[in-house]
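Visitor: Heads up: the sequence lines are chains A and B, in that order.
All residue numbers for the first sequence refer to the working numbering, where the first residue is 1 and numbers rise by one.
All residue numbers for the second sequence refer to the working numbering, where the first residue is 1001 and numbers rise by one.
These aren't lab readings, by the way, just hints derived from the structure by calculation.
Treat the hints with care, as some may be off.
[Said to hold, decoys possible] Here are the simulated distance ranges between beta carbons:
#	chain 1	residue 1	chain 2	residue 2	range
1	A	N429	B	A1049	58 to 68 Å
2	A	D449	B	E1053	39 to 49 Å
3	A	G357	B	E1053	45 to 55 Å
[Said to hold, decoys possible] EDC-like mimics (lysine to aspartate or glutamate), calculated; alpha carbons at most 16 Å apart, straight line:
#	chain 1	residue 1	chain 2	residue 2
4	A	K825	B	D1084
5	A	K530	A	E633
6	A	K682	A	E655
7	A	K393	A	E363
8	B	K1013	A	D916
9	A	K828	B	E1023
10	A	K66	A	D100
11	A	K825	B	D1016
12	A	K782	A	E841
13	A	K583	A	E655
14	A	K825	B	E1027
15	A	K825	B	D1048
16	A	K69	A	D102
17	B	K1013	A	D914
18	A	K772	A	E490
19	A	K530	A	D467
20	A	K828	B	D1021
21	A	K828	A	E687
22	A	K66	A	D156
23	A	K662	A	E681
24	A	K828	B	D1024
25	A	K66	A	D155
26	A	K825	B	E1105
27	A	K825	B	E1091
28	A	K583	A	E630
29	A	K825	B	D1051
30	B	K1112	B	D1016
31	A	K828	B	E1027
32	A	K682	A	E490
33	A	K828	B	D1048
34	A	K825	B	D1092
35	A	K828	A	E842
36	A	K682	A	D914
37	A	K926	A	D880
38	A	K772	A	D497
39	B	K1112	B	D1048
40	A	K717	A	D906
Idealized CB from N, CA, C, for every residue including glycine.
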Amino acid sequence: MAGAIDAARSTGPPSNGRKLGSSFGRSVQTKFLLYVVPLVLVSTVVVFGLFEWNARRSAEEQLQTKLDKLIEIQSAVLSESLWNVADQQIALILTALLTDPDVLGAAVYDERDRLVAEVGETARIGTSEFSAREDIIYDAGDTQVRIGELRIALDDARLRVLANERLSLVTILAGILLAAVVAATLAANRRIIGRPLGLMMESINHSQIEGARRNVDWQSDDEIGRVVTAFNEMQERQTAYEQQLRSANDDLERRVQERTAELVGAEATAQEARGLLTDAIESISEGFALFDRHDRLVVANRRYREIMLGDGEVDLAKGALFHDILSRAAESGRYPNASKAPETWIERQLGRHRAAGTPYIQEVAGNQWQQVSNRRTDQGGTVAVHSDITEIKRISDELKRAKDAAEAANEAKSAFLATMSHEIRTPLNGIIGMSTLLNGTDLDEEQRDFSDTIATAADTLLTIISDILDFSKVEAGALELERMPVDLVETIEASVDLVGGKAAEKGIELACRINPDVPTAVIGDPVRLKQILMNLLNNAVKFTEVGEVVLTISTMMPDATERTGETTLLTFEVRDTGIGIPKDRMSRLFKSFSQVDASTTRRYGGTGLGLVITKRLVELMGGEISVESEAGEGTTFSFTLPAEVAEVPDRTSQENQLATIKGARVLIVDDNRTNRLILSEKFRTWELLPRAVATPSEGLGLLRDGETFDVAVVDYKMPEMNGFEFTHAARDLLGEVRLPMILFSSVSPMEERFREGAAKMNYVATLSKPAKSGQLLTALVKALAPEAQVQGQESGAKEEIEGNEDDLRILLVDDNAINQKVGRKILKRLGFDPVVVSSGEEAIETCQTEDFHIVLMDIEMPDMDGIAATNHIRELIPQDRVPYIVALTANAMNSERENYLSSGMDDYLSKPIDVDALAKSIGSAKRLRERRAAAAAGA
Amino acid sequence: MREAVIDPAALEKLRDVIGGDPEDLAELIDEFHAVTPEVLAAMKSAADANDLEALRISAHSLKSNGRDFGAVALASSCETLERDCRNGSVEDPVGRVSLIGNQLEEARAALKETTASSE
Chain A
1 MAGAIDAARS
11 TGPPSNGRKL
21 GSSFGRSVQT
31 KFLLYVVPLV
41 LVSTVVVFGL
51 FEWNARRSAE
61 EQLQTKLDKL
71 IEIQSAVLSE
81 SLWNVADQQI
91 ALILTALLTD
101 PDVLGAAVYD
111 ERDRLVAEVG
121 ETARIGTSEF
131 SAREDIIYDA
141 GDTQVRIGEL
151 RIALDDARLR
161 VLANERLSLV
171 TILAGILLAA
181 VVAATLAANR
191 RIIGRPLGLM
201 MESINHSQIE
211 GARRNVDWQS
221 DDEIGRVVTA
231 FNEMQERQTA
241 YEQQLRSAND
251 DLERRVQERT
261 AELVGAEATA
271 QEARGLLTDA
281 IESISEGFAL
291 FDRHDRLVVA
301 NRRYREIMLG
311 DGEVDLAKGA
321 LFHDILSRAA
331 ESGRYPNASK
341 APETWIERQL
351 GRHRAAGTPY
361 IQEVAGNQWQ
371 QVSNRRTDQG
381 GTVAVHSDIT
391 EIKRISDELK
401 RAKDAAEAAN
411 EAKSAFLATM
421 SHEIRTPLNG
431 IIGMSTLLNG
441 TDLDEEQRDF
451 SDTIATAADT
461 LLTIISDILD
471 FSKVEAGALE
481 LERMPVDLVE
491 TIEASVDLVG
501 GKAAEKGIEL
511 ACRINPDVPT
521 AVIGDPVRLK
531 QILMNLLNNA
541 VKFTEVGEVV
551 LTISTMMPDA
561 TERTGETTLL
571 TFEVRDTGIG
581 IPKDRMSRLF
591 KSFSQVDAST
601 TRRYGGTGLG
611 LVITKRLVEL
621 MGGEISVESE
631 AGEGTTFSFT
641 LPAEVAEVPD
651 RTSQENQLAT
661 IKGARVLIVD
671 DNRTNRLILS
681 EKFRTWELLP
691 RAVATPSEGL
701 GLLRDGETFD
711 VAVVDYKMPE
721 MNGFEFTHAA
731 RDLLGEVRLP
741 MILFSSVSPM
751 EERFREGAAK
761 MNYVATLSKP
771 AKSGQLLTAL
781 VKALAPEAQV
791 QGQESGAKEE
801 IEGNEDDLRI
811 LLVDDNAINQ
821 KVGRKILKRL
831 GFDPVVVSSG
841 EEAIETCQTE
851 DFHIVLMDIE
861 MPDMDGIAAT
871 NHIRELIPQD
881 RVPYIVALTA
891 NAMNSERENY
901 LSSGMDDYLS
911 KPIDVDALAK
921 SIGSAKRLRE
931 RRAAAAAGA
Chain B
1001 MREAVIDPAA
1011 LEKLRDVIGG
1021 DPEDLAELID
1031 EFHAVTPEVL
1041 AAMKSAADAN
1051 DLEALRISAH
1061 SLKSNGRDFG
1071 AVALASSCET
1081 LERDCRNGSV
1091 EDPVGRVSLI
1101 GNQLEEARAA
1111 LKETTASSE
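Produce the complete structure using the sequences and hints provided.
Guide: If you want it as structure tokens, here you go:
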């Protein structure tokens, strides 16, 4: 068995399978037989030897026994014959003996050993193995006498024959046995070991030849079976392992392939890139050359050679020094500059090359121009690009000429526009002024109509000119918005005020409602905001024949109102009851030079630019404008305005005023509902108790019923009776009871009859509609608390400068005696006593001898103008003592403001002087002084 | 017709600016009567001497005063003259100054009337 395993093992290495097949003689079986056959042979020999030995011994014993028996018997037989000396008999007996085949010979001797008789081969008696001697004894009664001796030899031939027979038999048997054993062994071997081994071998061979493993189909519970099972398992494991290995291998292989492909691709790309680069360098229209850090040429394209040396085919070896190339270039005569002084030229080129700075332009022979850009590479080399810019230079020169021409033209145009606008405006103002004056004279109907037409036409013309100027500014993006605190109430009311006249002329109610939650002040551009409002309001009034125009301001973020710096969103809404805009025309509204239709233009006039400018302005301010309209019902324009809440101006004086009138009962008589609502709301905000009625009779009814009021606010133009009539009636009714009245009117206060009538009525105040909050409040204070009025009236201007007026020293410089007087009076009103001088020289002198906090400096003066005087003052006086200098000029152009400020003025006021503006300026001067004082105290 | 020379609104504004006292206004009007002939005289001599700079300044001065007192036409003429002086080309300066002189006379007369009527 061990041999079988050995044999199986010896067939193990699959590498020499073929050799194995040929040496099958040394197979397991052979080896097995080599063990078994000798064993069988030896054991057969031993067994049969023992058997033979035993058989031979028993045959010899049998023969011996036979010999003993025979000799005993024959000796007895012969004793008588011998005693009797019967030789004959003896011979017979002996011969009889010979019949026995085993008996070889017999002889009888006498007592003296003489031969008596003999038969057969007596010679072998004594030599034969089986020979015996027996004394022949004669029994003579009482004595026994030895009378002779019998000698017999038995033959062992039969014994040998038997032994030979047996040997043959044994040999045959042994052969059969051996054959059986061998056959059995072989069969068993084949069945138990050979088959499975063969199968395993086959499987191994199969796996080698086919590459696929096959399980060995062998079931047995012996060791072979276990080996086969183990082999199968091993194979499976190996298969699995191989599979794993193969897949890993495949994976690896795939990756290797991929990587290889990538490398190949990359190499190809690089190759292509190199090719492309070379092609590109060669084919660019610019001259291109790369030099290394030692200024040796690395590569240069054809164009470079052409440009530098005048020939693209010329040999320019790699490694050529830039200096040498330059020398050749200088010699080639291509560079006009080089021919004059080649060495200097070369030096300059080298310098530029090494500096690798901004590109420079160079002239090439034949009126050609090239631009040379030198750039440092990362490796310290230089890339030189020579571009032919002859054409570009030509175009650029042309363009420059064209640009200069265009700029000159544009400047001329701007100047023309500015001059024209000025030139047109001046006579136009004259026309307007004169027609206004004309209207104030006694005219007949026709004349008045003519005069009105002149005024309207001039107004329209002025608007158009302003619009066109604004429009061109907006279009050019030249319109810049200011950022300054805007008193919303003041700005809005001022805008409304300006439209008031027109509205009154047309008999339209104009009202303004500012929601109480709207902040008092925001950061913005008051002039432009006013312009927007004016445009919308004017439009509304223009297109409204009957009804009202209402401006409403509200905020969607009332919470932000109280916090300075917060951004709030204001909504302005201008609603009218005018002709409205048809739906299909709405889209054209905000477009340039378009009105709703041509007939509108004919009827209402206007450039159609107003809304475009308005829209742009709103957008510039970050808002949005929209319109809603119902033809025949009216139109509502609304726009939003994001704005930063500004610090609320000091309102203490207003608060004082409010405190004096708080809780007063006010009767409002006005037929216009909107006005009643707005007034009521305003009064309630002021903590008054308003009572509004729509008709004079209602108002009179209330008075008749004994209702008491502290003041009445009466509209002039009402359906049943006008304001004067109502006042009469009310006074008649009340008798002695005093009821101060404030008259509201849309009628121009300049109209004589109205003025006279109003004077007779002795109103507390006659206000034109819509009334400004300040005016209304002042009027109410005057009506309700006359003693507080004096203080209240001037507060608007004085609040800026209230406090230590007395020690604020003011110098007024003006050459014009009247202006000096006017200025002095204004300042006196504000509580100041200015020093007045009438020339720049005097101003400088005075400033050197006295300290002033503010100088009001006229600009236009003979000998030395205000700007020169100002500059002198600034030069001569230590900086911390230089007064706050305010320019005064009658050239009222806001655009000049910047000019004055940049010429050394701290502020600018236009004549005729506006009291509020002056007060503001004085306020600034005061703050400057305070800052200085603080700085001095700090230092 | 005389009333048309002066824009009452401007006068009203001037009165408001100086504090609303009619006496103050009257004082200023007196000043106007006193000062403006001097200015006109300066203009005349400047025109005779063809000194455009001096003419410009006095024209400016008169313009400013004219505006303050609502003498629209006067102010307008002075303004045009001032600008022409600045631009350096004045045709017939003497003639223009005499025209301004006429306008000034009208304005003065009109102002006198105003003062008289208000008193």
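Visitor: If a hint holds in the structure, say so; if it doesn't, say that too.
Guide: Results for each hint:
no., hint, verdict
1, A:N429 with B:A1049: 58 to 68 Å, "31 Å, violated"
2, A:D449 with B:E1053: 39 to 49 Å, "46 Å, holds"
3, A:G357 with B:E1053: 45 to 55 Å, "53 Å, holds"
4, A:K825 with B:D1084, "32 Å, violated"
5, A:K530 with A:E633, "26 Å, violated"
6, A:K682 with A:E655, "14 Å, holds"
7, A:K393 with A:E363, "11 Å, holds"
8, B:K1013 with A:D916, "13 Å, holds"
9, A:K828 with B:E1023, "14 Å, holds"
10, A:K66 with A:D100, "11 Å, holds"
11, A:K825 with B:D1016, "11 Å, holds"
12, A:K782 with A:E841, "46 Å, violated"
13, A:K583 with A:E655, "48 Å, violated"
14, A:K825 with B:E1027, "10 Å, holds"
15, A:K825 with B:D1048, "35 Å, violated"
16, A:K69 with A:D102, "13 Å, holds"
17, B:K1013 with A:D914, "9 Å, holds"
18, A:K772 with A:E490, "8 Å, holds"
19, A:K530 with A:D467, "14 Å, holds"
20, A:K828 with B:D1021, "12 Å, holds"
21, A:K828 with A:E687, "35 Å, violated"
22, A:K66 with A:D156, "12 Å, holds"
23, A:K662 with A:E681, "14 Å, holds"
24, A:K828 with B:D1024, "11 Å, holds"
25, A:K66 with A:D155, "12 Å, holds"
26, A:K825 with B:E1105, "25 Å, violated"
27, A:K825 with B:E1091, "38 Å, violated"
28, A:K583 with A:E630, "8 Å, holds"
29, A:K825 with B:D1051, "33 Å, violated"
30, B:K1112 with B:D1016, "19 Å, violated"
31, A:K828 with B:E1027, "14 Å, holds"
32, A:K682 with A:E490, "15 Å, holds"
33, A:K828 with B:D1048, "39 Å, violated"
34, A:K825 with B:D1092, "38 Å, violated"
35, A:K828 with A:E842, "22 Å, violated"
36, A:K682 with A:D914, "27 Å, violated"
37, A:K926 with A:D880, "14 Å, holds"
38, A:K772 with A:D497, "8 Å, holds"
39, B:K1112 with B:D1048, "30 Å, violated"
40, A:K717 with A:D906, "48 Å, violated"
Hints 1, 4, 5, 12, 13, 15, 21, 26, 27, 29, 30, 33, 34, 35, 36, 39, 40 from the list above are not met by this structure, while the remaining hints are.
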